[in-house]
Amino acid sequence: MPLSPPLSIVGPNIEQESGPLGVVIPLEESKNKLASVTPLVDLTRPDMERVNQLILSKAGSDVQMIPEVANHLISSGGKRLRPMLTLASAAMFDYKGDHHIKLATSVEFMHTATLLHDDVVDESDLRRGKSTARTIWGNQASVLVGDFLLGQAFRMMVDVGSLDALDVLSTAASVIAEGEVLQLSVAKNMETTEDDYLQVIRAKTAALFAAAAEVGPIVAKTDKATRSALKSYGMNLGLAFQLVDDVLDYGGKSADLGKNTGDDFREGKITLPVILSYRRGTVEEREFWKRAIEQGESTDANLETALGLIKKYNGLADTITRANHYGTIARDALAPLPKSPWKNALMEVIDFCIERVN
2 MPLSPPLSIV
12 GPNIEQESGP
22 LGVVIPLEES
32 KNKLASVTPL
42 VDLTRPDMER
52 VNQLILSKAG
62 SDVQMIPEVA
72 NHLISSGGKR
82 LRPMLTLASA
92 AMFDYKGDHH
102 IKLATSVEFM
112 HTATLLHDDV
122 VDESDLRRGK
132 STARTIWGNQ
142 ASVLVGDFLL
152 GQAFRMMVDV
162 GSLDALDVLS
172 TAASVIAEGE
182 VLQLSVAKNM
192 ETTEDDYLQV
202 IRAKTAALFA
212 AAAEVGPIVA
222 KTDKATRSAL
232 KSYGMNLGLA
242 FQLVDDVLDY
252 GGKSADLGKN
262 TGDDFREGKI
272 TLPVILSYRR
282 GTVEEREFWK
292 RAIEQGESTD
302 ANLETALGLI
312 KKYNGLADTI
322 TRANHYGTIA
332 RDALAPLPKS
342 PWKNALMEVI
352 DFCIERVN
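Numbered per our numbering, the sequence shown spans residues 2 to 359.
Be aware that a few hints might be false.
[Unchecked claim] Pairs of lysine-lysine, DSS-like flavour, derived with a Cα cap of 27 Å:
#1 LYS270 <-> LYS312
#2 LYS270 <-> LYS291
#3 LYS313 <-> LYS291
#4 LYS344 <-> LYS225
#5 LYS97 <-> LYS189
#6 LYS344 <-> LYS131
#7 LYS189 <-> LYS344
#8 LYS225 <-> LYS313
#9 LYS97 <-> LYS312
#10 LYS340 <-> LYS189
#11 LYS222 <-> LYS313
#12 LYS80 <-> LYS131
#13 LYS97 <-> LYS270
#14 LYS340 <-> LYS97
#15 LYS80 <-> LYS313
#16 LYS312 <-> LYS222
#17 LYS80 <-> LYS291
#18 LYS131 <-> LYS97
#19 LYS340 <-> LYS131
#20 LYS189 <-> LYS312
#21 LYS340 <-> LYS270
#22 LYS340 <-> LYS313
#23 LYS291 <-> LYS97
Note that these hints are calculated values from the structure, not bench results. Since this is a predicted model, take the numbers as computed values, not measurements.
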C-alpha cells in the first residue's frame, strides 16, 4: 500500500512531549500498489503526517522500555487504515480543526495495544514480518506497554473534549475486550457456529473500524443519520477485512502476511474457512478436525490435510463471498452521502480490503 515517506520530526499544531523515543515512524510502502487505496492515501497524507508525529510524541516515556517496546511494533509499518478512516470521515464534511488528529492517533494506539495483547494471548512469534514484542521483552512487558498506549489514547480523547467521541471509543475498547474473551471461550471448539464466529470478529475487529469511522463525523458536528451511516460503513468494512484476513491465513504467502501461513490452524483458532469445511465434511473428516484443532495435532502434515479439506468444501471461496456481502452493505451505507473525493476514496477502500486476497 503506497503511503507517505518518513516524516519530519515536528508536525503542525500538535503538542510535543519529551521522551527518549527517537525513531521517526515510517508509513509503509507496499511493493504491490493497489489503485483502490491510493485516493484515500493521497487525500489523508498531510493529516497522516501529523498523526504520525503525534504517535511519535505520545509513545515517548522516561521509562526506557516503554518506547522501545511500543516503537518495535509501531515502526514496523502496517496499513494505518483505521486512523485514515477517522481523518477521512471528518474531512469529508469540511472539518477544519485538529481534534480528528488526536482521535485518529487514539484509534491507532488502541489498535496497537490490542496487537500487543493479542500476541501474548495467542503466543505469536511473528507480527508484520518481525519477531513479536513478547519474544524479545516478554509477555509482561508487552501487556503493560499495551496498557500504557491505551492510557495515552484515553488522555487524547479527553483532550478533545467530546463526550460523544469518548463514549464511542471507550465503548469500542470494552467491546474489543469482550471479543477477546469470547474468542477464548470458543477456542479449539469445533462446535463453534458461524454466528459465534461472526460475533467474535464483530467485537474484536469490526468494532474499532466502526468507531474510527464514527468519531470523524462526531467532531465535524454532523447529524445522527450521518454518524450512523459512517458507523455502519466501518462495521461492515471491518467484517469484510477480517474475513479476508482469515482466508489469507490459509491461502496467502508468509512474506505478504507478515506472519506464518497456517498460524490460525496451529493456534487452534476457529475461523470461517474451518467452520464451513467441518460442517460440510464426512464423519471421518470431522474427526480429523477435532484431532487437529481440539487436541492440538496441528502438524505440518495435518495442515496440508486441512488445506485440502478447505479447498474440497469451498471454504475459502465461500468466505470471500461473505466478505463481498459485507462489502456491499458498507457501500450501501455510504451511498446516500453527498458526492465527494472522500466518499469515492472510502468506497474504493472496500475494494482494497477484499482484493487483498488476489
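Here's how the hints hold up against the structure:
1. LYS270 <-> LYS312: holds (18 Å)
2. LYS270 <-> LYS291: holds (12 Å)
3. LYS313 <-> LYS291: Answer holds: LYS313 to LYS291 is near 18 Å, not above 27 Å.
4. LYS344 <-> LYS225: Given that 27 Å is the threshold and the Cα spacing comes to 18 Å, the pair holds.
5. LYS97 <-> LYS189: violated (49 Å)
6. LYS344 <-> LYS131: violated (34 Å)
7. LYS189 <-> LYS344: Given that 27 Å is the threshold and the Cα spacing comes to 41 Å, the pair is violated.
8. LYS225 <-> LYS313: Between LYS225 and LYS313 the Cα gap is close to 46 Å, so the pair fails against 27 Å, i.e. violated.
9. LYS97 <-> LYS312: violated (50 Å)
10. LYS340 <-> LYS189: The given pair, whose Cα atoms are some 46 Å apart, is violated under the 27 Å limit.
11. LYS222 <-> LYS313: violated (51 Å)
12. LYS80 <-> LYS131: holds (15 Å)
13. LYS97 <-> LYS270: violated (44 Å)
14. LYS340 <-> LYS97: Roughly 19 Å between the alpha carbons, so the hint for LYS340 and LYS97 holds.
15. LYS80 <-> LYS313: Violated, at about 32 Å.
16. LYS312 <-> LYS222: violated (48 Å)
17. LYS80 <-> LYS291: violated (35 Å)
18. LYS131 <-> LYS97: violated (38 Å)
19. LYS340 <-> LYS131: violated (41 Å)
20. LYS189 <-> LYS312: holds (21 Å)
21. LYS340 <-> LYS270: violated (41 Å)
22. LYS340 <-> LYS313: Not OK: LYS340 and LYS313 at ~43 Å, beyond 27 Å, violated.
23. LYS291 <-> LYS97: Answer violated: LYS291 to LYS97 is near 55 Å, above 27 Å.
The structure fails hints 5, 6, 7, 8, 9, 10, 11, 13, 15, 16, 17, 18, 19, 21, 22, 23 (numbered hints given earlier, in ascending order).
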